[in-house]
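With chain A fixed as given, assemble chain B onto it according to the hints.
Protein chains: 2
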Amino acid sequence: MSQQQPVKPFLEVLNGRRQNVPPVWMMRQAGRYLPEYRELRATAGSFLDLCFNPEWAAEVTLQPIRHFGFDAAIIFSDILVVPHALGRSVRFEAGEGPRLDPLDTPEQIKTLARAADFGKLEPVYEALRRVRAALDPKVTLIGFCGAPWTVATYMVAGRGTPDQAPARMLAYREPDAFAAIIDVLVENSIQYLLGQLNAGADVLQIFDTWAGVLPPREFARWSIEPTRRIVEGVRAKVPDAKIIGFPRGAGAQLPGYVEATRVDGVSIDWTAEPSLISERVQTRVAVQGNLDPLALIAGGAALDRAVDDALASYAKGRYIFNLGHGIQPETPIAHVEQMLARVRGYRG
Amino acid sequence: MSQQQPVKPFLEVLNGRRQNVPPVWMMRQAGRYLPEYRELRATAGSFLDLCFNPEWAAEVTLQPIRHFGFDAAIIFSDILVVPHALGRSVRFEAGEGPRLDPLDTPEQIKTLARAADFGKLEPVYEALRRVRAALDPKVTLIGFCGAPWTVATYMVAGRGTPDQAPARMLAYREPDAFAAIIDVLVENSIQYLLGQLNAGADVLQIFDTWAGVLPPREFARWSIEPTRRIVEGVRAKVPDAKIIGFPRGAGAQLPGYVEATRVDGVSIDWTAEPSLISERVQTRVAVQGNLDPLALIAGGAALDRAVDDALASYAKGRYIFNLGHGIQPETPIAHVEQMLARVRGYRG
Chain A
-7 MSQQQPVKPF
3 LEVLNGRRQN
13 VPPVWMMRQA
23 GRYLPEYREL
33 RATAGSFLDL
43 CFNPEWAAEV
53 TLQPIRHFGF
63 DAAIIFSDIL
73 VVPHALGRSV
83 RFEAGEGPRL
93 DPLDTPEQIK
103 TLARAADFGK
113 LEPVYEALRR
123 VRAALDPKVT
133 LIGFCGAPWT
143 VATYMVAGRG
153 TPDQAPARML
163 AYREPDAFAA
173 IIDVLVENSI
183 QYLLGQLNAG
193 ADVLQIFDTW
203 AGVLPPREFA
213 RWSIEPTRRI
223 VEGVRAKVPD
233 AKIIGFPRGA
243 GAQLPGYVEA
253 TRVDGVSIDW
263 TAEPSLISER
273 VQTRVAVQGN
283 LDPLALIAGG
293 AALDRAVDDA
303 LASYAKGRYI
313 FNLGHGIQPE
323 TPIAHVEQML
333 ARVRGYRG
Chain B
-7 MSQQQPVKPF
3 LEVLNGRRQN
13 VPPVWMMRQA
23 GRYLPEYREL
33 RATAGSFLDL
43 CFNPEWAAEV
53 TLQPIRHFGF
63 DAAIIFSDIL
73 VVPHALGRSV
83 RFEAGEGPRL
93 DPLDTPEQIK
103 TLARAADFGK
113 LEPVYEALRR
123 VRAALDPKVT
133 LIGFCGAPWT
143 VATYMVAGRG
153 TPDQAPARML
163 AYREPDAFAA
173 IIDVLVENSI
183 QYLLGQLNAG
193 ADVLQIFDTW
203 AGVLPPREFA
213 RWSIEPTRRI
223 VEGVRAKVPD
233 AKIIGFPRGA
243 GAQLPGYVEA
253 TRVDGVSIDW
263 TAEPSLISER
273 VQTRVAVQGN
283 LDPLALIAGG
293 AALDRAVDDA
303 LASYAKGRYI
313 FNLGHGIQPE
323 TPIAHVEQML
333 ARVRGYRG
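Chains A and B, in that order, are what the protein sequence lines are.
At position 56 of the first sequence the residue is numbered 48 (my numbering), and the sequence of numbers has no breaks.
At position 202 of the second sequence the residue is numbered 194 (my numbering), and the sequence of numbers has no breaks.
This is chain A alone, in the form it adopts within the complex (with noise of 0.2 Å):
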């Protein structure tokens, strides 16, 4: 008798078959809305020291798996340890967001290293090292990076801002030299996930979190080709590897994102329209989403009929119930439990 790998629900989905009960999980899920990570959170310094400590960061990888039984967990890490690996400072000040030097010039740009530092990342490897040795194994492991665009969004301005108009500005103005952050920012992603494939990741996502804010021109260039890049050079090695895209705001625009970056499935936000994803989207790949965290911080009737439209829109395809886009520190746990039952209840 063979011995048979447990079945993975969410991996079962980009594989292409769909389960009856959607596998679940939630953007941001080890965080402040948890005591637990609340509690570990106090104790562990800055947040970066959290991400670079592999005991801490696989604890906290764990907690919303051991509380909840999501059927993903996600290494809790940022999309910014690439820029920090390429020698940018990076800095997250208490509830500021993170600081970056701005790289916003052409002759700074030149400055920028070509190649990153994977000794400053070998803690997020040997953090998913231990996620997977203590792993249910029917639970899938996600590791993942920042869509060039949005990373190189926050090494120009060194900061959140609004529709990251500085970066956008640059790539007007300077398009080779901000191809060139791009660029570096395409290969060093390629490297970094398959590290982390090699370290025991199941999937891989790419956030794409401002994406959203490029017109088509700029949205085919910036966002489609570098993450079509990165999923071409990593299954150049892997070939059979698994990746979701998460080009956030995209609208319109996902299905041509889908069909020109061929990630095996996307991330959607709150606001997709649901005959646009199950016409031209779900017909090619898996779909995740896309609940609007602010309707699992008020709970009640409105958590209720937001989780059964989600439901209603995507259950009947390939589908990972997920939110769209991060959940809030302020959200009550009882109201995750609550959108839990609705999503384990289903029967479609």
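The reader is advised that the hints may include incorrect statements.
[Said to hold, decoys possible] Derived coverage of chain B by chain A (criterion: at least 3 residues anywhere in the stretch with Cβ under 8 Å from a Cβ of chain A; other residues may be distant):
hint : region
1    : 27 to 38
2    : 158 to 165
3    : 200 to 209
Quick caveat, the hints were computed from the structure, so don't treat them as lab data.
Treat the numbers as computed from the prediction; the structure is a model and nothing was measured.
All C-beta atoms in this analysis are idealised placements derived from N, C-alpha and C, irrespective of residue type, glycine included.
Chain B alone, transformed into the frame defined by chain A:
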């Protein structure tokens, strides 16, 4: 021989007749990028003082028409004059955006006046009459209001916020109370728009700047339905009233918006997906947009390319050239001239 009214190219487009050279204007064309505006603004007291002084408001409305010969003038005002006329405190502090007293509990909402004091809006009507009298008859005069959803987001939070979460949350938690704000805004916006038509506006535009943060169910209820009621209410009195909607960020929800609201035209932002617009929106209504305001600041080859993209995408149909959002104060005048020369040189 009968005397003929001069043709207004902008109105022609809304009446179903495509123009070989698209009419052109710019959102916020009366604004700080213009030296003559900055000069008047410096002497005019507060922003609301400027809006409510008919002589000044008419003058700044006409400035961009004299400077650039645009095909439309839009009355200089603000979407928050309606809450002001409803007795809410509305202040504009330099460099900060609007401030109102928040209206975020069912108890407070019960105190909201049901009818505006339209005497407070008389200066807007007087400014329209003055502009009408002074305007080249080939130039279209646009009146406007904010869509109830967008106006309500400011009334609830008391200010602009990322994603307008306070109003979204109130709408989830207290839908009946929130609907009461929307109902008041629908009724008073109808009266305000009829007043603007009566004072000489040729066309009305309804700005729903924050439509794009809503999930589909909420988009239908809070953006589409109130706008539909306003269009219906205005046309009940003025059956041939021409109305343009601008649900910014609506993405793939635009075809549904256009069908349900029965607007004559729709403004599109710079992230619109061209094939969705040309196949499912422009087939029904006139399209107005959608140059990225940052491309206008950037100028040069990036601006030429962006203008050409908009013309190539939309000028074969019923089209009014515009920006995808308001022009920004730092925009060089020379770039506006570069844009205009390119649009007016179009032969499609």
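Right, here's what the structure says about each hint:
1. 27 to 38: violated (count 0)
2. 158 to 165: holds (count 4)
3. 200 to 209: Check passed, 6 qualifying residues.
Against the hints set out earlier in the document, a violation occurs for number 1 only.
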